[in-house]
Amino acid sequence: MSQDPATDSFSPLRARGNGGATLEALAYGGHLLSWTPAGERDSRLFLSPASVFRPGTAVRGGVPVIFPQFAAHGPLPKHGFARVQDWQPTQSAGDGRIRLQLRDSPASRALWPHAFLLELELHCGGDTLRMELGVHNSGDTPFEFTVALHTYLRVADVRQARLQGLKGLRYLDAARNRSEHVEAQDELGFGPWTDRIYFDPPAELLLLEPQRRLRIRQEGFTDTVVWNPAAAVTSTLPDMAPDGWREMLCVEAATTLQPIRLAPGAQWRGAQVLVAE
0 MSQDPATDSF
10 SPLRARGNGG
20 ATLEALAYGG
30 HLLSWTPAGE
40 RDSRLFLSPA
50 SVFRPGTAVR
60 GGVPVIFPQF
70 AAHGPLPKHG
80 FARVQDWQPT
90 QSAGDGRIRL
100 QLRDSPASRA
110 LWPHAFLLEL
120 ELHCGGDTLR
130 MELGVHNSGD
140 TPFEFTVALH
150 TYLRVADVRQ
160 ARLQGLKGLR
170 YLDAARNRSE
180 HVEAQDELGF
190 GPWTDRIYFD
200 PPAELLLLEP
210 QRRLRIRQEG
220 FTDTVVWNPA
230 AAVTSTLPDM
240 APDGWREMLC
250 VEAATTLQPI
260 RLAPGAQWRG
270 AQVLVAE
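Just so it is clear: in the sequence shown, position 208 is 207 by numbering that gives the first Met the number 0, and no numbers are missing.
Treat the hints loosely; a few may be bogus.
[Said to hold, decoys possible] Computed Cβ-Cβ distance ranges for the label pairs, DEER-style: (1) A71 <-> R169: 19 to 25 Å; (2) D172 <-> G264: 36 to 42 Å; (3) P201 <-> R40: 29 to 35 Å.
FYI, nobody ran anything at the bench for these hints, they're computed from the structure.
Glycine residues also receive a C-beta, built at the ideal position from the N, C-alpha and C atoms.
All chains should be modelled from the sequences, with the hints used to inform the complete structure.
Pasting the structure below:
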C-alpha cells in the first residue's frame with residue numbers, strides 16, 4: 000500500500016499482490032476504484048469517466064460501501080453515509096492488502112445516533128480479489144443496519160454477458176413496480192433496465208462473457224443485487240456517459256430489506272470474492 004500522509008482522502012492508495020495483481024482505492028468512502036488481476040492489463044471493475052471526485056458526492060463505479068441503509072429503504076440519505084465520509088487507512092504489510100476504518104463522528108451521529116466501527120480489508124493476489132467488511136457496535140445500545148458492497152463490474156458489452164446461478168430464486172423487481180417473482184432462466188441476460196434483489200443466493204455465481212468469465216462469491220450477506228441502468232435510466236445519471244451502461248454490470252453482495260441487529264460489543268462480517276478466469 001502506498002500513501003502520502005500529507006495528501007487528502009482523494010489521493011490513491013495502491014497495493015500489489017502475488018503475480019502483479021493490483022488494487023487502487025480511496026480513503027474517501029473506503030472506495031475501491033480498480034482491481035487488475037495478475038496477467039491482465041485492465042481493471043475488472045467499472046469506473047465511469049464522468050465520476051465526480053468531490054466531498055459529499057458518491058463515486059460512480061468501483062465498489063462503494065453501503066452502510067447503514069441500503070437504497071432509500073429508510074430515513075437516511077440514499078445508501079447511507081459511509082460512501083461519502085473519509086475513512087482512515089491502517090497499517091498494511093504491503094502484501095496486496097489495503098485496510099481502512101471508519102468510526103462514528105459528529106457528522107455520522109447527526110444522521111444516525113450510534114457508535115460504530117467499520118473495518119474494510121481489500122486483498123488481491125493472482126486471479127482473486129477478496130473484499131471483507133466488518134461492522135462493530137462500539138456503543139452501549141443495540142442498533143440495526145442494512146449493508147452492501149455495491150460492486151460495479153466492467154464488461155465488454157453487457158448485452159453479450161450472462162449471469163448463471165440465480166434460477167429458482169425469489170426476487171424483487173424494481174423495474175416492474177417492485178413486484179416479486181421467481182427466476183426462471185438458467186442464464187440471466189441484459190439489455191433492458193435490470194434492478195433486482197435476489198434472496199438467499201447460492202455461495203457462487205458465474206458471469207460469462209464471450210472471451211472471459213468471473214466467479215462471484217459472497218459470505219455473510221443474505222441477498223444479491225443485480226443492476227444495470229440501460230439507456231433510459233442512464234440518461235438521468237449525470238455522472239455516466241450515454242453508452243456507459245453497456246460497459247458495466249453491478250452484482251452486489253447485500254443485506255437489503257431485513258436489517259441486521261447488533262448488540263453492544265457485537266460484530267458482523269461479510270465478504271465478496273471475485274475470481275477472474
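So, going through the hints one by one against the coordinates:
no.	hint	result
1	A71 <-> R169: 19 to 25 Å	21 Å, holds
2	D172 <-> G264: 36 to 42 Å	39 Å, holds
3	P201 <-> R40: 29 to 35 Å	31 Å, holds
Of the numbered hints listed earlier, not one is contradicted by the structure.
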